[in-house]
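Engineer: Assemble the complex: chain D is given as a structure, and chain G with the ligands must be docked to it using the hints.
Chains D and G are the protein sequences, given in the same order.
According to the working numbering, the residues represented by the first sequence are 8 to 108, in order.
According to the working numbering, the residues represented by the second sequence are 1323 to 1871, in order.
The hints are simulated quantities; they were obtained by calculation from the structure and are not laboratory data.
Predicted model, so just to flag it, every value in this text is computed and none were measured.
Which chain G residues face chain D? A few, computed with CB under 8 Å, are given here:
1) T1400
2) G1416
3) P1504
4) G1505
5) G1511
6) S1518
7) V1522
8) G1786
9) R1791
10) P1839
Using N, Cα and C, we set each Cβ at its ideal position, and we do this for glycine too.
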Amino acid sequence: MFRRLPDPAAIVTFDFEGATFDACEGDSVAAALLANGVLAFRTTPVSGTPRGPWCLIGECHECLVEIDGEPNRQACMIEVRADMRVRRQHGARMVAGWREE
Amino acid sequence: MIDGRHDCLVGIDGGAGGRTGRRSTGGQADARPARGLQGSVVNETAELAIVGAGPAGMSAAVAAREHGIDTLVLDEQTAPGGQIYRNVETVTAGRPNTARVLGEDYVAGAAIVRAFRECGARYSPRTSVWEVSTVARRADEAAPLELGILQGGVARLVRAHCVIVAAGARERAAPVPGALLPGVMGVGGAQSLLKSSGLVPDAPAVIAGSGPLVYLVACQLARAGAPVRAVLLTMSPGRFRRAAGALPQALAMPGELRKGLGWRRALAGRGVKVMHASDLAIIGDERVEAVRFFHRGRERSMDASLVLLHEGVIPNAHLTLAAQLDHVRDERQHGFRPAVDEWGETSERGLLAAGDCAHVLGAQAAVDSGRLAALEAAYRLGRIDSRRRDALAKPHRASLERRRRFQEFLDFAFEPGAAVLRPSDPAVTVCRCEEVTIAEIESVIARGCPGPDQAKAFTRCGMGPCQGRMCATVVSGIFAGRRGAGTGADAGIGTRTGAGVDVDTVGHYRIRPPVKPITVGELAALEGAGPAREMVRAPGHPRAGRRLV
Ligand SMILES: Cc1cc2nc3c(=O)[nH]c(=O)nc-3n(C[C@H](O)[C@H](O)[C@H](O)COP(=O)(O)OP(=O)(O)OC[C@H]3O[C@@H](n4cnc5c(N)ncnc54)[C@H](O)[C@@H]3O)c2cc1C
Ligand code: FES
Chain D
8 MFRRLPDPAA IVTFDFEGAT FDACEGDSVA AALLANGVLA FRTTPVSGTP RGPWCLIGEC
68 HECLVEIDGE PNRQACMIEV RADMRVRRQH GARMVAGWRE E
Chain G
1323 MIDGRHDCLV GIDGGAGGRT GRRSTGGQAD ARPARGLQGS VVNETAELAI VGAGPAGMSA
1383 AVAAREHGID TLVLDEQTAP GGQIYRNVET VTAGRPNTAR VLGEDYVAGA AIVRAFRECG
1443 ARYSPRTSVW EVSTVARRAD EAAPLELGIL QGGVARLVRA HCVIVAAGAR ERAAPVPGAL
1503 LPGVMGVGGA QSLLKSSGLV PDAPAVIAGS GPLVYLVACQ LARAGAPVRA VLLTMSPGRF
1563 RRAAGALPQA LAMPGELRKG LGWRRALAGR GVKVMHASDL AIIGDERVEA VRFFHRGRER
1623 SMDASLVLLH EGVIPNAHLT LAAQLDHVRD ERQHGFRPAV DEWGETSERG LLAAGDCAHV
1683 LGAQAAVDSG RLAALEAAYR LGRIDSRRRD ALAKPHRASL ERRRRFQEFL DFAFEPGAAV
1743 LRPSDPAVTV CRCEEVTIAE IESVIARGCP GPDQAKAFTR CGMGPCQGRM CATVVSGIFA
1803 GRRGAGTGAD AGIGTRTGAG VDVDTVGHYR IRPPVKPITV GELAALEGAG PAREMVRAPG
1863 HPRAGRRLV
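Excised from the complex, chain D in its bound form (with noise of 0.2 Å):
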């Protein structure tokens, strides 16, 4: 779905439901999932429907995985480290500006 211009950067590798992905140094969680080619990042709680991350910027929090363990993490701001583990979310729900513990 993309690819990546021809610039140098060192390679970080992390955990995807079980895969191992190789990432650029720098890469926000959400950047590193669509350059492995993943577009659907979570389920929504109210019909499980799948979505993935619209804005990029930290605005729309379509992009929520679960990071560690730690559902409701906003992909796309947050800076993608190795041996990271993440997981799509499925339905875990999320009240106006509170994350769940």
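Structural biologist: Okay, now just chain G with the ligands, sitting in the frame of chain D:
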């Protein structure tokens, strides 16, 4: 710097002199932080705190430092630059292909960032601001404004004498059928992937919408060799006639006009189809498969794996809305923005707004309005007198005025169509988070629901994680269309001014802090802080009614 470990106040040298502000700040004799606060939950103070390190925030910081103001800049990104110059340091230092694709206007941002890095302001990246409040006004005259910030999973408080909110803009949501499918994203969103990670689409992509960013990003992606199948223009063609009437205003900035015409030529040169389209719908089951639209009265469809939408940008006003400042609805830009005076001061003394979050006028205007706000702060802090402030402001005012005139032309030329502002397809989902359709909104209106804020209670629209950022203007538009009276051209929606109309009944959802996602655990660091306790009791919070312990 705000340090993850220290918990006491940072002393500030060079406190302001005794001069008081234009609208008197009331016996303020010394802008240094009140020592009595030592050991309390306030973690840091500054004479001036700036939210956002885009062109507006960076320029404000540079100008403030020229007058020796102790300045703290907070931004949730990892590096300075804002939306337009996102990641510009890394790109110009070592990503030549990305730099070439983004072009010289982007690369020029590196100089602004360098000036900011060298200006001596304290800069705190990866820091989100979840509240601006005036609760401290009575307790602390030297630093009456308070910011709630979140940094590395810990909530903290910052107090400042003046605050400049320079939070920028966000892309307006386009409520078209199929817009929720994975593979649909904002044009600016896709561009941010290019800036931050050098990503370009390598599957058939369609760009659809209205506004300069549509052309700019289409050119950038075409230059990168991305398979852009078409650029679909969704504004009504009739707009151009009104825009033609505003052509004299456009001539205020001939360079910008030429740039725009150059984009059109560049797209034609690369064989990218640019065509008008109406009744756009995105087709797909689990992801985007095609777009369907009408062109010259005939239905057309086009296969696509990515659809990039853009219907202009609107001010990022959640912080100022949550602070319950006066806001106005901008009739031409169809968005809400804080009401500000000629310096950018909001209805709250010492609290200023600059850049696109105060009025969408683009990056150069953001630089000018950022500088004006900083000059006013310098005056308030007693660093310059009013004559010097006014003299220094002159070139920025002239530049801003040219841009305002030019913007009038842009606002006409790219005004989104009715399908975006007042969508009527009952099946379309307006609230992405809680999945509320237009039909549901219309049904509560039919049952007598007076406004968007009340619609929340009936439908949950605007109550999800985005806090109404994506649906507020659309829901307001639907109410306006249904009630005939409209949300009121430039109607004040402040809660205090006599002239204003109450925000509850007209215009916008009431927004409550925190405006950035936070957990109760993260807030625990603020134990004992009044506002935090209040928030946990705020309606809407899952643990409303419980005390923070
Ligand atoms: C996605 C996107 C891409 C754009 N690309 C271009 C472009 O390529 N060319 C162009 O001419 N215009 C572009 N624009 C238009 C853009 O709004 C202006 O050109 C310019 O960036 C405005 O400058 P600013 O300083 O007002 O705001 P911004 O540049 O948006 O800077 C605001 C900063 O505030 C930070 N911020 C916001 N809220 C908070 C908070 N609560 N806590 C902490 N930090 C916060 C943000 O992280 C951001 O860095 C784009 C807009 C968007 C939304
Ligand atoms: S994609 Fe919009 S918040 Fe992450």
